[in-house]
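Can you join these two chains into the complex? Each is in its own frame, and there are hints to help.
These protein sequences, in sequence, are chains A and B.
Under numbering that gives the first Met the number 0, the letters of the first sequence match residues 0 to 554, in that order.
Under numbering that gives the first Met the number 0, the letters of the second sequence match residues 0 to 264, in that order.
To be clear, the hints were calculated from the coordinates, so they are not data collected in a lab.
All values reported here derive from a predicted model rather than from experimental measurement.
Glycine included, every Cβ here is placed at the ideal spot set by N, Cα and C.
A few of these clues could be false.
Footprint (simulated), chain A over chain B, 3 or more residues, beta carbon under 8 Å [unchecked claim]: (1) 61–70; (2) 97–103; (3) 160–169; (4) 234–244.
In silico BS3-like pairs for lysine-lysine, Cα to Cα no more than 30 Å straight-line [what the hints assert, rightly or not]: (5) 262/B to 443/A; (6) 262/B to 239/A; (7) 479/A to 239/A; (8) 38/A to 262/B; (9) 239/A to 33/A; (10) 33/A to 265/A; (11) 442/A to 58/B; (12) 479/A to 262/B; (13) 265/A to 110/B.
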Amino acid sequence: MSTTTEPKRTRASSYTAAASNYIDERTTISAVVKEFGRKIFPDHWSFMLGEVALYSFVVILVTGTFLTFFYDPSMAETHYEGSYVPLKGVEMSVAMASTLDISFDIRGGLLVRQIHHWAALLFIAAMGLHMLRVFFTGTFRKPRELNWVIGFVLFILGMGEGFTGYSLPDDLLSGNGLRIIEGLVMGIPVIGTWISFLLFGGEFPGTAIVGRLYTLHILLLPAVLVALLALHLVFVVVHKHTQFAGPGRTNENVLGVPILPTFAAKAGGFFFIVFGVIVVMATFFAINPIWVYGPYDPSPVSAGTQPDWYIGFADGALRLIPPGLEIEFLNRTWSFNILIPMVALGAIIVLPMIYPFIEHWITRDNREHHIADRPRNAPTRTGIGAAGVTFYGVLWAAASSDLIATHFDLAMEHVIHFLQAAAILGPVVAYLITKRVCLALMKKDREIALHGIESGRIVKLPGGEFIEVHEQLDDYDRWKLVSYNDYAPLMIRPNSRGKITAATRVRAGLSRWFFEDRIAPVTRREVELSHGEHHAAAAIEGEHQSAIGADSNRH
Amino acid sequence: MSNATKRKNRAGRRSPLATVALLAIGLLSTGGAYALISGGTAEAQSDINSQQMIDEGEKLFSANCASCHGLNLEGSESGPSLIGVGAASVDFQVGTGRMPLAQQGPQGEEKPEQFTDEQTKALAAYVASLGPGPGLPDARYLDGEGDAANGSELFRINCAMCHNVAGAGGALTEGKYAPAIDATPAHIYEAMVIGPQNMPVFNDANLSPEDKRDIITYLEFNRESPSPGGYVLGSLGPVAEGLFAWFFGLGAIVAITVWLTAKSN
Chain A
0 MSTTTEPKRT RASSYTAAAS NYIDERTTIS AVVKEFGRKI FPDHWSFMLG EVALYSFVVI
60 LVTGTFLTFF YDPSMAETHY EGSYVPLKGV EMSVAMASTL DISFDIRGGL LVRQIHHWAA
120 LLFIAAMGLH MLRVFFTGTF RKPRELNWVI GFVLFILGMG EGFTGYSLPD DLLSGNGLRI
180 IEGLVMGIPV IGTWISFLLF GGEFPGTAIV GRLYTLHILL LPAVLVALLA LHLVFVVVHK
240 HTQFAGPGRT NENVLGVPIL PTFAAKAGGF FFIVFGVIVV MATFFAINPI WVYGPYDPSP
300 VSAGTQPDWY IGFADGALRL IPPGLEIEFL NRTWSFNILI PMVALGAIIV LPMIYPFIEH
360 WITRDNREHH IADRPRNAPT RTGIGAAGVT FYGVLWAAAS SDLIATHFDL AMEHVIHFLQ
420 AAAILGPVVA YLITKRVCLA LMKKDREIAL HGIESGRIVK LPGGEFIEVH EQLDDYDRWK
480 LVSYNDYAPL MIRPNSRGKI TAATRVRAGL SRWFFEDRIA PVTRREVELS HGEHHAAAAI
540 EGEHQSAIGA DSNRH
Chain B
0 MSNATKRKNR AGRRSPLATV ALLAIGLLST GGAYALISGG TAEAQSDINS QQMIDEGEKL
60 FSANCASCHG LNLEGSESGP SLIGVGAASV DFQVGTGRMP LAQQGPQGEE KPEQFTDEQT
120 KALAAYVASL GPGPGLPDAR YLDGEGDAAN GSELFRINCA MCHNVAGAGG ALTEGKYAPA
180 IDATPAHIYE AMVIGPQNMP VFNDANLSPE DKRDIITYLE FNRESPSPGG YVLGSLGPVA
240 EGLFAWFFGL GAIVAITVWL TAKSN
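Bound conformation, chain B alone (with noise of 0.2 Å):
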């Protein structure tokens, strides 16, 4: 933009090129102004508290939720009570394909998700209308641009003892686990503020939106970044490691100690 100013003095307004300059000003500002409001969570929470939202989740509860969970979120024997959850707790559920349950059992599994984005946020919407509870995330703390040092930092003290340094997942009692994490960074987020199934809640008393923001850097840091050392072999660490040395470092050469031992034919 500087440059085409530049221009603009040398040549005045009109030269050829003000049109283009006066059209990139006009589209950056409306853009801009756009972003701006878009950006925040202004327009997610309007839509989430708009009536035909709230309604149409009603629906989606009533024919898919209510038989666990009640047809007021109030529970039963097959499934907690739902309200005050909030949107966040149904946002991560659903849209991680753990909601509905595919069965009965130590933990829900992450699958295929069985909803729609839409569908999603109306059901959201319908559970966070009936009771106060964690809302959908900021966007501004899903961006990526934290400080992934810290969020490193923090990452190692507050998560790695379930989900292993490098987020692939481990093993929990009674054949519950904590999964690798490859969810979006709203997941990630909702996951920490929710704290779902066997995991801790992370509130902003114990990690502030900042910090939770570093920790989804880091983590996209990792997955963007690839491996410095090579394939990652699952990174599982030194059992991976070991098994692989075994198999096809010490495989390898007895197969060539076998070839250079044959006899000729």
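This is chain A alone, in the form it adopts within the complex (with noise of 0.2 Å):
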């Protein structure tokens, strides 16, 4: 399998060969540069989110071990006696200040520093975008379920990692950070306050924690992801890439560039395209001025105390939530304005996780997709990811109620009363108008694909009518129209002991929910029959036919 050159060649490229043999014969690796090398990626901007993240994740990793040189993860007290003025002789823990000698005595130190920082950011963030595509576009289906949760499990173990790295400089920001999620775990009933104290070590803040999130930081989580990221980037391989519905492209095939080498060069430049945006963010962009916030200190909190913006949306439940919902029961307290928010922000997180297989369950759709969505093709689903991430949208922007309150010169109980009103309301609205427009944006799609597109341009014909010309699409662009899967709503059937089960009416109605309203594909026919006759006049006959005629290809 491996190399074979011929005789005739260069010392230097026989010399490749041979080692190129060498090593083959001994690992069999050509198999595996075979399967990966010869992927096929399909050109889209939003097939490289993912790895923007994964090139996120590999900065953070080399400025992370830079770190963990310098940085010192004990809560022993110590006085800072290094070069930053302002915090000169103040007490505070050996975390503090050696991350306060990273950021002003150790050359390099405060830019490695942003730069692991702000990758951070942006790992997320690309993790957030790359899943809201792949949602959007349906591309969660048959056969890729699984690799969506182990996707949605790097994204909770990427918000670990962000929380468990902004605590570890010990300074107030992050302390105030810990003292909310001590708060958080304290609330659950029972056991809340065994856990916290299992935590912490005893009492907040205690002399643990930070060692503790430290191993965390980089060892467990570390582990974890990079073994969840190599499964999710082999179940990529093995899936192959989903494409864009086009001329040529079918659920069978991938078109697209090879791995080796078109891809592989490319990515590596993106790789240091991306790392580069980072440095540029991290050399003129302070992040985290922990000299700033100075040491943690459990009295002081500060006015626009936020954690980073991927636990905004938990700081934000808590924000929201309106006071006074604790009772007494049982001779505990049970503080529902902490159960509540914990809820809320479980859903969010389980919810989407599980949500290819409550869409399985309701479509019974068994077929694999390789062909992405276009996301107004899936009405319904389009509706419900909006709804979620208007809810998300609301708990992050609650995050920052102070601040829009202080900005746009508002007072900050009527920011909260609106974003509780948002919170609730928005997602219905949110879901509603975007099924609406994805159900029009397909009226228009089929509209474009029987009459094509109007040209502007009015003729008169020889019996006096005038007419405007439509210009049709050619087989291209009409392709992308026109290919999409067509459902209907499931019929409520008897099993097979004749009984229709509670489960199965359930199923039903939200199979009417998800397809209930629904504008189906143009069929070849249609196309055909409307180029024979006149613009004018079969644009609203044909539309008629066709919504009754079009057959789709139920399963």
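Here it is as structure tokens:
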């Protein structure tokens, strides 16, 4: 399988061949190279978002290693004696002092710290955008459901990595963040206090937490993350890449460039572009200026204290919950002002993670899908996604309610009340609007596929009739508009025992919700029909006929 | 100076440099004495207590302030009594442009000041003459030569919960807010002493004048030293950083991905 070279090659080339052969005979790596090297990548910008996350993660690994050389995760008390004047002699933990040393007294340390932090923000943001792309194009469907779950776990691990890393400097801001986490944990009935004491090794803040978070941050979480990342990438190769519908693109093939050599070169270059963007950000823009925040002290809390963006939705949930939701029951305090946000946060994390299985249960679609949906062609799913994004976005915005108030000259109470209403009504409104917009866009696509684009050219026919000339699409463009799966609501049918179970009813109801409003794709016959006739007259009639006669490829 | 005296010893008092040295000594001693006398509050005190200032202040007050605060500082429905607020309060409120109010609202907002420094001082003299209250701060607490480290700690403990650790300001309830701190040392000191609007009073038993000096030193340090990490994005912390990462960081990268996958024409 290895490279076979002709005997008349140059010396360098035959040396390469010999070396390759040597390695291949001992590792059979050529099979792997063949599989990976021939993986095809279709060209679409949104297919590169996962790569952005991957490359940011590589940057995080490299810079993080540098930081571990100088960081000391100890909560022992010391007095800062470094070169930053306004903290000289101030009492702080060794962790904070060593982070300040990295920032001010180690060559390049501040730059590396800032690269690490900006890359972390970008890593999770890129994962989020990547996940949105996968969700809205429906590429989590069979056979990729498990890879969606793995990806989602990666996202959660990323947030965990981010939060543990954010807490390591033991500065005032991150200490307040930890305090909130402690409060959340304590709010869990019965076991909360126990878990909190276990986590912090006693009363908050204790002297153990930074060391423990450090172990999680550099050992456990990265190990799991790298392992799942590798699995995620293996699955990406095994499943082949998805692609958008287009001429020659079918469910059975992938059109694009192979990894070796073209894509690898492109991707290698892209890595350096991502790295470069991060370094530019880190060079010119300060991030997490812990010297301003000062060492952690449980008494002060700064105005405008927020977590990093990816934890913002959790902070926002706590800000939006109305006060006073506490009852005493069974001799215990039940803090629903903690429990309700925790349920909301759990829903934000769990529901998207299991969404592929929910959708599969509703559609009963067991086919493999390798063609990415255009979001408009799955109106209900897109609507659900928009509702989820809105809910997340409202919680996220709520984390900056105080800054919204000061920067837009509003009262904080008004901002909170508005966001409380938006958290409940916003998703509904977003769902309805998005679904209608999708259906309208599908109608427009159908119109264009059948009758072409209005050219604006008015022609007078010999009989005196005026018509507007429609420009027909070429086959390439039309292909994109007409190739999508059509679904119809499931019929309620009795099972083998002749009974209709409650589950069947629920599923039929959900299926109706999903697929009742739909625009059938244009068939070849319809296109041919519409071509043979006068456009002006046929437009309306043809549409009616096609809507009735459209034969869906139901399973 | 020691250099000059050394040369004098070497060349005697007829050296051409002797004149220069004598001039320098004379200038330094008179200048130093003047600085000692005027550097304190002596001049300000005498100024603010002079009858001329008070009369001038009374005229300005009647014309500009009395409609809300009353002709005798007794206050009205539109404004509180000013008896006993002291010169510091007037200097702060008028000197930062908060008074006269642009409009009734949750709180008086900073705006370009409406009176010259001299007029402000005259108003302060008038108000101070009608009731005892905190006076103008002593210049030696405003020099920014205190202990910045102590100041930073005191600032975090006493001020940061409203004004933000970087002094970037923060929200309060019902449309009120703690403003971003970019005032002069004197105004910062006065604000601590008088507790304007929603701010609590930090009297000398709470924060000694030296502590206040340290806080001012820290704020001055922050203002004058460039940010070590680069542009601070408004010192607003993770919200600004997150928005920047999304819109500029990821935005730039998405633009690049679109460019990389664009079909060449």
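Consistency of the hints with the structure:
Remark: the region 61–70 of chain B is not confirmed as covered by chain A, as 0 of its residues place a Cβ nearer than 8 Å to a Cβ of that chain, below the required three. Evaluation of the coverage hint for the region 97–103 of chain B: breached, as 0 residues show C-beta separations to chain A shorter than 8 Å, against a requirement of three. A count of 9 residues in the region 160–169 of chain B with a Cβ less than 8 Å from any Cβ of chain A is obtained; the coverage claim is therefore met, three being the minimum. Judged by the Cβ-Cβ criterion of 8 Å, the region 234–244 of chain B is covered by chain A as claimed, because 10 of its residues qualify and three suffice.
Between residue 262/B and residue 443/A the alpha-carbon distance is near 26 Å, which keeps this suggested pair within the 30 Å criterion. For the suggested pair residue 262/B and residue 239/A, the alpha carbons sit about 22 Å apart, so the restraint of at most 30 Å is met. A threshold of 30 Å between alpha carbons decides the hint, and for residue 479/A with residue 239/A the separation of about 21 Å falls inside it, so the pair holds. Between residue 38/A and residue 262/B, the direct Cα distance comes to roughly 21 Å. Compliance with the 30 Å bound is thereby established for this hinted pair.
Using a Cα cut-off of 30 Å, the hinted pair residue 239/A and residue 33/A holds, with the two alpha carbons roughly 14 Å apart. Of the pairs offered as hints, the one joining residue 33/A and residue 265/A holds, with about 18 Å between alpha carbons and a cut-off of 30 Å not exceeded. A hinted pair counts as satisfied when its Cα atoms are at most 30 Å apart, and residue 442/A with residue 58/B does not qualify at roughly 76 Å. Proximity of residue 479/A to residue 262/B is assessed by CA-CA distance (about 17 Å); at most 30 Å being required, the pair is judged to hold.
Distance hint between residue 265/A and residue 110/B is unfulfilled; the C-alpha atoms sit about 55 Å from each other, more than 30 Å.
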